[in-house]
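Given only the sequences and the hints, what does the whole structure look like? Please build it.
These protein sequence lines are chains A and B, in that order.
In terms of my numbering, the first sequence has 129 at position 14, counting the first letter as 1, and numbering is strictly consecutive.
In terms of my numbering, the second sequence has 1123 at position 36, counting the first letter as 1, and numbering is strictly consecutive.
To spell it out: a stretch of chain B is covered by chain A in this simulated footprint if at least three of its residues, at any positions, have a beta carbon under 8 Å from a beta carbon of chain A; those stretches are:
| id | region |
| --- | --- |
| 1 | 1134 to 1146 |
| 2 | 1187 to 1195 |
Here are the simulated distance ranges between beta carbons:
| id | chain 1 | residue 1 | chain 2 | residue 2 | range |
| --- | --- | --- | --- | --- | --- |
| 3 | B | T1096 | A | E170 | 36 to 42 Å |
| 4 | B | G1115 | A | S127 | 39 to 45 Å |
| 5 | B | T1197 | A | A125 | 23 to 29 Å |
| 6 | B | L1182 | A | H172 | 21 to 27 Å |
FYI, nobody ran anything at the bench for these hints, they're computed from the structure.
Quick reminder that beta carbons are idealized off the backbone N, C-alpha and C, glycines included.
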Amino acid sequence: SQQGEEDPQALSIQEGENATMNCSYKTSINNLQWYRQNSGRGLVHLILIRSNEREKHSGRLRVTLDTSKKSSSLLITASRAADTASYFCATLFTGTASKLTFGTGTRLQVTL
Amino acid sequence: ETGVTQSPTHLIKTRGQQVTLRCSSQSGHNTVSWYQQALGQGPQFIFQYYREEENGRGNFPPRFSGLQFPNYSSELNVNALELDDSALYLCASSLGDSYEQFFGPGTRLTVL
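Take a look at the structure:
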């Protein structure tokens, strides 16, 4: 079963705008990770945030984590057409040694 | 550094048949995880192998089985195929308990 939900399910923006995706999960976690998937192919790791962190940046990506609300958000700033993809959050639980539990994904479309 | 590779890319089988999917892990990685991704869904954890031993299993029936070889490559076997087994099968390699997993491009299985 899926761990959580991404919101929105689909997002369409113009190049240069910011894109924000949200993820909710259900249980305690060690960390939360965001992945990107192009056209139903392999997943690319974007960023990891640990349960004791609240915000993390990597290039144009900004991730926040609120463990009290069991939610995370991914912000992509100054989006580009090449950012068009599906984005998934995945959580890792204590003691499950690298078993990732994914959400349902947000499909992002960036138009010129 | 060699990335994760999977074969075949696409596969078409009929109900009741058996299938074997293959995965070569990234150089230096000793852990392989397999995921099933149905259309429009996030990946779901099938099982993980660490140093040739199964190291965790998701909610999949016993007809899903696997192997890991001394060179850390891996196979996923599915017996008695059902229509609902149609999906993208992803493998990911990692180093021990490392949280970051590196995904292969996937094998698209269609069961008719």
